[in-house]
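*Asks:* Chain by chain, the residues:
Number of protein chains: 6
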Amino acid sequence: MRIVSLGILAIPFAARPARAQLIEFSKQQLVDYSEPNPFDRLADGRPKVPDNLLRQARELSAEEIWAVLEEKGYKNQYADGFRILHPDKPMVGRAFTVQFMPMRPDVEEVAEAKAKARGMGRLHNQTAIDMLQPGDVLVVDLFGKKVGGTIVGDNLFYYVMTATKSGGMVVDGSIRDLNGISEIDMPAYFKDVDPTPIGNVMLTGINVPVRIGGATVMPGDLVVGDREGVYFIPPHLVKEVLDRADEIRVHDEWTKKKFAEGKYKSSEIYSTPKDPKLKEEYEAYLKKRLEEIRKQRAASQEK
Amino acid sequence: MRIVSLGILAIPFAARPARAQLIEFSKQQLVDYSEPNPFDRLADGRPKVPDNLLRQARELSAEEIWAVLEEKGYKNQYADGFRILHPDKPMVGRAFTVQFMPMRPDVEEVAEAKAKARGMGRLHNQTAIDMLQPGDVLVVDLFGKKVGGTIVGDNLFYYVMTATKSGGMVVDGSIRDLNGISEIDMPAYFKDVDPTPIGNVMLTGINVPVRIGGATVMPGDLVVGDREGVYFIPPHLVKEVLDRADEIRVHDEWTKKKFAEGKYKSSEIYSTPKDPKLKEEYEAYLKKRLEEIRKQRAASQEK
Amino acid sequence: MRIVSLGILAIPFAARPARAQLIEFSKQQLVDYSEPNPFDRLADGRPKVPDNLLRQARELSAEEIWAVLEEKGYKNQYADGFRILHPDKPMVGRAFTVQFMPMRPDVEEVAEAKAKARGMGRLHNQTAIDMLQPGDVLVVDLFGKKVGGTIVGDNLFYYVMTATKSGGMVVDGSIRDLNGISEIDMPAYFKDVDPTPIGNVMLTGINVPVRIGGATVMPGDLVVGDREGVYFIPPHLVKEVLDRADEIRVHDEWTKKKFAEGKYKSSEIYSTPKDPKLKEEYEAYLKKRLEEIRKQRAASQEK
Amino acid sequence: MRIVSLGILAIPFAARPARAQLIEFSKQQLVDYSEPNPFDRLADGRPKVPDNLLRQARELSAEEIWAVLEEKGYKNQYADGFRILHPDKPMVGRAFTVQFMPMRPDVEEVAEAKAKARGMGRLHNQTAIDMLQPGDVLVVDLFGKKVGGTIVGDNLFYYVMTATKSGGMVVDGSIRDLNGISEIDMPAYFKDVDPTPIGNVMLTGINVPVRIGGATVMPGDLVVGDREGVYFIPPHLVKEVLDRADEIRVHDEWTKKKFAEGKYKSSEIYSTPKDPKLKEEYEAYLKKRLEEIRKQRAASQEK
Amino acid sequence: MRIVSLGILAIPFAARPARAQLIEFSKQQLVDYSEPNPFDRLADGRPKVPDNLLRQARELSAEEIWAVLEEKGYKNQYADGFRILHPDKPMVGRAFTVQFMPMRPDVEEVAEAKAKARGMGRLHNQTAIDMLQPGDVLVVDLFGKKVGGTIVGDNLFYYVMTATKSGGMVVDGSIRDLNGISEIDMPAYFKDVDPTPIGNVMLTGINVPVRIGGATVMPGDLVVGDREGVYFIPPHLVKEVLDRADEIRVHDEWTKKKFAEGKYKSSEIYSTPKDPKLKEEYEAYLKKRLEEIRKQRAASQEK
Amino acid sequence: MRIVSLGILAIPFAARPARAQLIEFSKQQLVDYSEPNPFDRLADGRPKVPDNLLRQARELSAEEIWAVLEEKGYKNQYADGFRILHPDKPMVGRAFTVQFMPMRPDVEEVAEAKAKARGMGRLHNQTAIDMLQPGDVLVVDLFGKKVGGTIVGDNLFYYVMTATKSGGMVVDGSIRDLNGISEIDMPAYFKDVDPTPIGNVMLTGINVPVRIGGATVMPGDLVVGDREGVYFIPPHLVKEVLDRADEIRVHDEWTKKKFAEGKYKSSEIYSTPKDPKLKEEYEAYLKKRLEEIRKQRAASQEK
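Protein chains in written order, with the working numbering: chain A, 1 to 303; chain B, 304 to 606; chain C, 607 to 909; chain D, 910 to 1212; chain E, 1213 to 1515; chain F, 1516 to 1818.
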């Protein structure tokens, strides 16, 4: 098993967040709990899946991700049941998480007093939105709230689009202004739509671990949305997911080519060719195509 | 508080409807209960929101309407959860309401006898449909019935389209012939689709107050449907809603313009600019744009 | 077919209700639409199923009622899906109906003005409750509302119990104070329970036709609730339902007696004995028992 | 009533299927239970609705089918509530049915032993898929399973498309790889989508009677899917359905033409013209158009 | 792995069932597919879990059964979501399965003709009910049907009680006459209650494999119902389940005794005592109690 | 507004919890966020609503609590939709909260390493259960999980009963072993029941703020469960709730007494007597009864 070396992390950080939020999750905690992260980190401590991998991930589908995550024992990284704004458009980015809880005046009052004591204002949805970076996907736990659970209308949706460079948004809650939003070119996954503005809630955490459906999302996870749902991929598994996806795609390519020939029953080809000669043919094809794909990718990244 | 002057209404009317319907709501009652209506009335007593305001209302979204209705204490004028035939096409018109109840032979028999005594036939869906006027939206309370709750198939849908000049239809119930209907260019909101024709129900009221979802709809309400759901606006609030919508749209225009500049955090601009100079800039912009919009609208109406 | 003689009703009544309610259903209308009623009427025009039949109806079950109503073409007189307060206790009484709609200030304002003009107060739940008679079952259409849809708490529940002499209550909505109510000995059927008081609704009709689930309820219907759900029986069918129930019960008695003997397969006895001698035995038994039952009933009513 | 002559069927067949499946339905049984079939049969015993009727059936809508089936007493041949892959594309073909049950190791072990004893492998989804013929629609009873209830991903979906010549697929269960599948031009109806592969089930029957929603599907039924749902038409009713559909379509054509003239109320024209002259006009139109349609169809089939 | 010896079964049987049912499952198939059954068989081929084990099984709870079935890989033998007639009363017996499908006249007509040809009547619910044996639990797959999905009313429920000696009933469908049924002392699990009699279905199989919720039920399975739901235990696992349950019960007994002493944290005792001396104490206790229990059981069975 | 004095709290505490949990909420944070607490605190920092008030709170119903909480702006302290183990038995105690999230191996691995580094074991349900104190109610956020979401079976339920002195349990998740649990005399509210043990989750917080349904629960809240649902009362409002409840109960007592006299309409008495003399009578009654109640309570507490 991998050794967790908690003591020797080189990234410096303050012990307490500058913000006053009910659920605190310090930069140190974030670093600790994403310890196997192989990439750099953003200033806020989140793992930074590199931009070229983000681009590469735009071709991922839920099934390709499932293969690796299942194998590694990650059974709870997928959420579905969303309305999808632009089903044809993939969503890929780094998770920026926000958590809300039902409003409770005594707690909110203390939180405000604490914020004031640090010279800050009350936490609210724009506090979080104003922290977004290019490549982020805003992941919001609004506990499925419809009325008063609308994280953004079209104005803030537009702002999120500009701030994240069209990263995207996953909301276990709702949005408003669907008419306006549907004209903006950023992917979004949400449970419902309502004309009311957000209300009767308090923002309790920014970049804290959150639950979205049956998934546990950590800040900095690679978020991938397709026509079915959303996957939250731990950064240390991203490379393996992408490599496996290449193989799966070549496999699919070859399989369909063979099916299109009309000479074989499906079980002769799929999932593994039964005939040793066909198997050999496939393996040669796989090898050749993977080389091509990787060469091509390297080339396109050099530009 | 506004004075309700019940006695001095100039519009003449018969005390009882010519129709024999279980739930009666006479022209007098209709006039009484829509007393603050500032517009003319249709021959049947319904308020007649003018055609130019109908045209203007085609740009309304649910959020813009919410702002005024919430402020005035109208919390129950919105319904959603519909399947929407043409989500890209707004629905705007005057509510023509129809109410059904589960069939009950003793009641239906009396209703028929009463109708016969007045030289009329039994009330059914076409009785109502044949009364539709250009600019109407047919609002049908079929208590969410699916099987046998199909107000129209494609023939009558086509007729409604010609009679209302593509006004539209909101059904708390279902339709049939979706294949045929989806080729007809009229907006429609319905709960479900079923191949059965309407049956096991009785028509109990035409242009009576009805409940659609959690909303109370009065005949003559301005009906506005967008991608999210349907708003039923009392006629006396229509002007205010439209004026406010102009302001909201200019506000959104300016906000997005500022966001697009990429120089500001969202909270510096939205919902109100913090910097007094920005605020001033916004207010000047608002003033100018509102003038332009209203001039343009007046011009287009003169044609 | 039965002749509907609308002109010759002897019962005098005022043309308009003294109350000012949005949905009016005058005493005349009530009389007209319950024309086949064979019984006396209450002062408010509702059919008065006699007290001795109410007593007899306490033994009815949903299946016994179904037999006659189905045969006569009444397919929509049953509602279920309720929480039942005292499942062991039958509910029997005359329907006293109340209808609510979502609050709409313009309509409510006119209704209040109209009420004031007649020297009355605003209609609300206690207005209706204060009109209840012994033997009534309060039937409330609150369109399934949970929060703010609580027709009574334990105080008014207690009042309804005293006023109706434990008649009962059917609410397509909710109640509050379940702790207190569960100690009061009156049957009740409701959709839900909530701690909020009734609100954001307006009372729109008292003793008007209402929809409860998929059923059409007329004021004065015989309401019968058992462990499964609630039947609303048109008064003119009550006698036939009760007579048929006697036969069904004797049939069940004999069937179970035969089954208990352990000599027969179920299909030899039920639903009709195949063996002519058994059939004869059954018919003799039926005749004898019906005589006994009716004699006994007559005797108990003389006391 | 039609005489069922069970003894004189000329088609030879083996008494037991070559496959070893838990639920057996032999070729003989299939022939017996589809006895009124007026068409040839496929090699596996299924009725073979002819190709030209399949083509003609592509214009059918659910309502047109309903008319004949309802009349003949077939009330359970329709299923809806599916997600529809290509709503604009009709689905028409011969039902090829597959049934799954939850995995149970003792039963599966025996089934495997039986298969082995006959020199075959374990039954699984590809066993069925490899038996598909051009013109088939794969009808799968996966008891609504989502996770692990995915009959195909994009590879096998592609194979089904090639094998059935784009026949189609109805799954009371789910599919995976929606991204890939949505680019393949074959109609499909399914309850859900999930990234997991099929698992924790056993294939228990191929071409056995299955339940899909509230419908009973027999192998060889004509399957017709439109924007609303799916109809399963017994082969002996296909001709009548198609003929009636021609009449309905002419009727709709004429009705809409009349409505478009704007001179009539809907009830003057629909469903039957009231004016005898109009009725005559309609009947002449119907006769003429039916002749044209049938001539045209005959012509197109000769080519 | 256990050897499946399909050829050498000593029990004689006819190759085809005497009944004419759409889904046939011959006595031979039944015997084959329940091959590991260690017990005698009933005349119809079903495994006969002995009466003394049925008695012993009355103490089983769902959790005790889960332990063994999970371990053996049987993940689909549990169903819940039922209304439970007598939650305090355990249900134990041998599964007698019945399957229905939606009515389809062409299929039903052939089935009737086939039955007639064999001198029998149409299959219906009483056909199955009349075959019940003492110790049976009637397991009915009515695909969750409510209206018209009522397998029995109180008369047939009473008959099932006498025929099975209060074995019980599991219905994926509904019952009628809940008032009458609730007075009869037999356990029953059903999805719903409705006043309509069974209709619009056809009986398609008696003692065939059926699906109940997510479980696969084979005729002869040991059915155990508790307050939570129903387990269907393959006969060859019954002994192991019962033995394990004894251990679990002694373990619970000892655990609670220790907890009641109030000296230990839960984790010191449960699920395994941490202190070696406590563990020793527990093991001695387990040994002693198991001996006592088995002695006592043997004694009670001798009587 | 109340001054939040964050600096001057006298209770000493460690800055970090001894436990290693993903979501940390230190004793200091707990103290800060429950700052208006007027009572002592438990050793873990939770407010300690005194035992005598717990006893007094056993008479509270949801409606009585609603009155004060609504007035003070606490709209999100109620949760319902639970299965209630002993509906006749009130549940009262101090909230001890536990939070779970879906299992995620990378996070869990770090948490274990952190725990190990502090000489502790992995956090699991018994870790929390072993910390329970007399008077606690265990409040568990298992995000509604059914399968694998079972916080306890009957052994641990028994332990919780002994540890909390029958305090109780609220689970947004499920339990197992309902048969065994239903014999144990402790109140419990849970969403579902399942035979599986807890699994595929990780414990992420003990005594952290949690969401239960639409409510925000803070450790130390007064938990009150009645037949309807569960209220979570902030400690600083407990006294006011109890005082108001006394008044409400006297009011109910008097109201029912008046209703029982049968001389008044409900609206003459309830909610406020209209007749000034009756009002006076009521006020005298209220004063006298409150004095009696408080005297009696004081007396009973002296014993």
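Keep in mind that the hints are not guaranteed to be accurate.
So, partial list: chain B residues that the calculated Cβ filter (under 10 Å) puts toward chain A [unchecked claim]:
hint, residue
1, Glu374
2, Asp383
3, Asp391
4, Glu412
5, Phe446
6, Gly447
7, Asp529
8, His554
9, Phe562
10, Ala563
11, Lys568
12, Pro576
13, Tyr585
Below 27 Å or equal to it, Euclidean Cα-Cα: the simulated DSS-like pairs (lysine-lysine) are [claimed, not checked]:
hint, chain 1, residue 1, chain 2, residue 2
14, D, Lys984, E, Lys1403
15, B, Lys392, B, Lys419
16, F, Lys1780, F, Lys1810
17, D, Lys1023, D, Lys998
18, F, Lys1661, D, Lys1055
19, C, Lys797, C, Lys695
20, F, Lys1754, F, Lys1778
21, E, Lys1358, C, Lys678
22, A, Lys116, B, Lys577
23, B, Lys417, A, Lys191
24, A, Lys277, A, Lys288
25, B, Lys375, A, Lys116
26, A, Lys72, F, Lys1629
27, A, Lys265, A, Lys239
28, E, Lys1469, D, Lys981
29, E, Lys1469, E, Lys1499
30, A, Lys75, D, Lys981
Hints are computed from structural coordinates only; laboratory data are not their basis. Note that CB positions come from ideal geometry on N, CA and C, so glycine has one too.
*Asks:* Compare the structure with each hint and give your call.
*Replies:* Outcome of the hint check:
{"no.": "1", "hint": "Glu374", "result": "12 Å, violated"}
{"no.": "2", "hint": "Asp383", "result": "7 Å, holds"}
{"no.": "3", "hint": "Asp391", "result": "9 Å, holds"}
{"no.": "4", "hint": "Glu412", "result": "44 Å, violated"}
{"no.": "5", "hint": "Phe446", "result": "23 Å, violated"}
{"no.": "6", "hint": "Gly447", "result": "19 Å, violated"}
{"no.": "7", "hint": "Asp529", "result": "5 Å, holds"}
{"no.": "8", "hint": "His554", "result": "8 Å, holds"}
{"no.": "9", "hint": "Phe562", "result": "5 Å, holds"}
{"no.": "10", "hint": "Ala563", "result": "6 Å, holds"}
{"no.": "11", "hint": "Lys568", "result": "4 Å, holds"}
{"no.": "12", "hint": "Pro576", "result": "13 Å, violated"}
{"no.": "13", "hint": "Tyr585", "result": "13 Å, violated"}
{"no.": "14", "hint": "D:Lys984 <-> E:Lys1403", "result": "23 Å, holds"}
{"no.": "15", "hint": "B:Lys392 <-> B:Lys419", "result": "42 Å, violated"}
{"no.": "16", "hint": "F:Lys1780 <-> F:Lys1810", "result": "34 Å, violated"}
{"no.": "17", "hint": "D:Lys1023 <-> D:Lys998", "result": "42 Å, violated"}
{"no.": "18", "hint": "F:Lys1661 <-> D:Lys1055", "result": "16 Å, holds"}
{"no.": "19", "hint": "C:Lys797 <-> C:Lys695", "result": "18 Å, holds"}
{"no.": "20", "hint": "F:Lys1754 <-> F:Lys1778", "result": "36 Å, violated"}
{"no.": "21", "hint": "E:Lys1358 <-> C:Lys678", "result": "22 Å, holds"}
{"no.": "22", "hint": "A:Lys116 <-> B:Lys577", "result": "18 Å, holds"}
{"no.": "23", "hint": "B:Lys417 <-> A:Lys191", "result": "50 Å, violated"}
{"no.": "24", "hint": "A:Lys277 <-> A:Lys288", "result": "17 Å, holds"}
{"no.": "25", "hint": "B:Lys375 <-> A:Lys116", "result": "34 Å, violated"}
{"no.": "26", "hint": "A:Lys72 <-> F:Lys1629", "result": "22 Å, holds"}
{"no.": "27", "hint": "A:Lys265 <-> A:Lys239", "result": "34 Å, violated"}
{"no.": "28", "hint": "E:Lys1469 <-> D:Lys981", "result": "69 Å, violated"}
{"no.": "29", "hint": "E:Lys1469 <-> E:Lys1499", "result": "16 Å, holds"}
{"no.": "30", "hint": "A:Lys75 <-> D:Lys981", "result": "50 Å, violated"}
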